[in-house]
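Peer 1: Please model the entire structure based on the sequences and the hints provided.
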Amino acid sequence: MFDIYNKDPRIDTDAEVTVDEVAKGYPTAEGFVGPQSGVEFYESVVAISRFDGNQLAELQLYPIELRRTNRFANRGVPRLAEGQQARSILERMQKLSEPFGTRIEIENQIGRIRRRSTGLSGGH
Numbered sequence: 000m001f002d003i004y005n006k007d008p009r010i011d012t013d014a015e016v017t018v019d020e021v022a023k024g025y026p027t028a029e030g031f032v033g034p035q036s037g038v039e040f041y042e043s044v045v046a047i048s049r050f051d052g053n054q055l056a057e058l059q060l061y062p063i064e065l066r067r068t069n070r071f072a073n074r075g076v077p078r079l080a081e082g083q084q085a086r087s088i089l090e091r092m093q094k095l096s097e098p099f100g101t102r103i104e105i106e107n108q109i110g111r112i113r114r115r116s117t118g119l120s121g122g123h
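Quick note on numbering that gives the first Met the number 0: the sequence shown kicks off at 0 and runs consecutively.
Certain hints may be false.
[Said to hold, decoys possible] Derived SDA-like pairs: lysine to any residue, alpha-carbon spacing no greater than 25 Å straight-line:
#  : residue 1 : residue 2
1  : K94       : R111
2  : K94       : R114
3  : K94       : E104
4  : K94       : I47
5  : K94       : R78
6  : K6        : D19
7  : K94       : L55
8  : K6        : V18
9  : K6        : E20
10 : K94       : V18
11 : K94       : S48
12 : K6        : V16
13 : K94       : E81
14 : K94       : N107
15 : K94       : E20
16 : K94       : G52
17 : K94       : Q83
18 : K94       : V38
19 : K94       : R70
20 : K94       : A56
21 : K94       : P77
22 : K94       : V44
23 : K94       : N73
24 : K94       : A72
25 : K94       : E42
26 : K94       : T27
27 : K94       : E106
It is worth saying that the hints were derived from the structure and are not from the lab.
Computed from a predicted structure; not experimentally measured.
Peer 2: Okay, structure coming up:
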């Protein structure tokens with residue numbers, strides 16, 4: 000694996016190979032595929048569910064970011080996203096959820112999916 004990334008195992012560490020894997024992707028017959036440098040690899044949501052009896056009443060989606068711009072050793076530590084980044088994460092979730100008929104409302108930097116009588120929806 001070291002030689003694929005032009006690394007010398009006598010000098011370079013496994014961590015340095017991993018940094019290149021994340022930046023360049025993984026080797027295949029067609030070349031390198033799957034670089035993980037895009038922002039979508041470092042943003043997500045934490046879902047909190049609220050039940051009414053035994054029925055799911057609401058999902059609250061808290062946008063998080065995983066510190067993509069930090070040095071490699073500190074990446075992946077989640078924290079709540081704020082401001083435009085929080086809105087962007089939730090809007091991306093809205094767009095990805097639409098084909099499944101799921102509507103997400105955004106209120107105060109929290110996404111909400113509310114249960115309708117026919118299923119889950121962001122509607123009232």
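Peer 1: If a hint holds in the structure, say so; if it does not, say that too.
Peer 2: Here is how each hint holds up against the structure:
For the suggested pair K94 and R111, the alpha carbons sit about 14 Å apart, so the restraint of at most 25 Å is met. Restraint check for K94 and R114: the C-alpha separation of about 19 Å stays at or below 25 Å, so the hint holds. With a C-alpha separation of about 12 Å, the suggested pairing of K94 with E104 holds against the 25 Å cut-off. With a CA separation close to 20 Å, the supplied pair K94 and I47 stays within the 25 Å bound.
At roughly 23 Å between alpha-carbon atoms, K94 and R78 fall within 25 Å of each other, so this suggested pair holds. Proximity of K6 to D19 is assessed by CA-CA distance (about 10 Å); at most 25 Å being required, the pair is judged to hold. About 22 Å separates the Cα atoms of K94 and L55, which keeps this hinted pair within 25 Å; it holds. Distance check on the hinted pair: K6 and V18 sit about 11 Å apart at the alpha-carbon level, within 25 Å; holds.
Restraint check for K6 and E20: satisfied, since their Cα atoms lie roughly 12 Å apart, inside the 25 Å limit. Simply put, K94 and V18 have alpha-carbon atoms about 31 Å apart, too far for the 25 Å limit, and the pair is violated. Under the criterion of a C-alpha separation no larger than 25 Å, the hint pairing K94 with S48 is consistent with the structure, at around 21 Å. The straight-line distance between the Cα atoms of K6 and V16 is roughly 7 Å, inside the 25 Å bound, and the hint therefore holds.
A hinted pair counts as satisfied when its Cα atoms are at most 25 Å apart, and K94 with E81 qualifies at roughly 19 Å. For a cut-off of 25 Å, the pair hint linking K94 to N107 stands: about 18 Å separates their Cα positions. Between the alpha carbons of K94 and E20 the distance comes to roughly 29 Å, so the proposed pair goes past 25 Å and is violated. For the proposed pair K94 and G52, the alpha carbon gap of about 30 Å is over 25 Å, so the pair is violated.
Pair hint K94 plus Q83 holds up; C-alpha atoms about 16 Å apart against a cutoff of 25 Å. A distance of roughly 16 Å separates the Cα atoms of K94 and V38; the hinted pair therefore holds under the 25 Å criterion. At most 25 Å may separate the alpha-carbon atoms for a hinted pair to count; K94 and R70 exceed this at roughly 30 Å. For the given pair, K94 sits about 22 Å from A56 by alpha-carbon distance, which is consistent with the 25 Å threshold.
Proposed proximity of K94 and P77 is supported: the alpha carbons are some 23 Å apart, at most 25 Å. At roughly 14 Å between alpha-carbon atoms, K94 and V44 fall within 25 Å of each other, so this suggested pair holds. Restraint check for K94 and N73: the C-alpha separation of about 30 Å exceeds 25 Å, so the hint is violated. Among the hinted pairs, K94 with A72 is inconsistent with the structure: their alpha-carbon atoms are about 32 Å apart, more than 25 Å.
The straight-line distance between the Cα atoms of K94 and E42 is roughly 15 Å, inside the 25 Å bound, and the hint therefore holds. Annotation: proposed proximity of K94 to T27 is violated, straight-line Cα distance about 31 Å (limit 25 Å). Between K94 and E106 the alpha-carbon distance is near 16 Å, which keeps this suggested pair within the 25 Å criterion.
When held up to the earlier numbered hints, the structure conflicts with 10, 15, 16, 19, 23, 24, 26 and fits the remainder.
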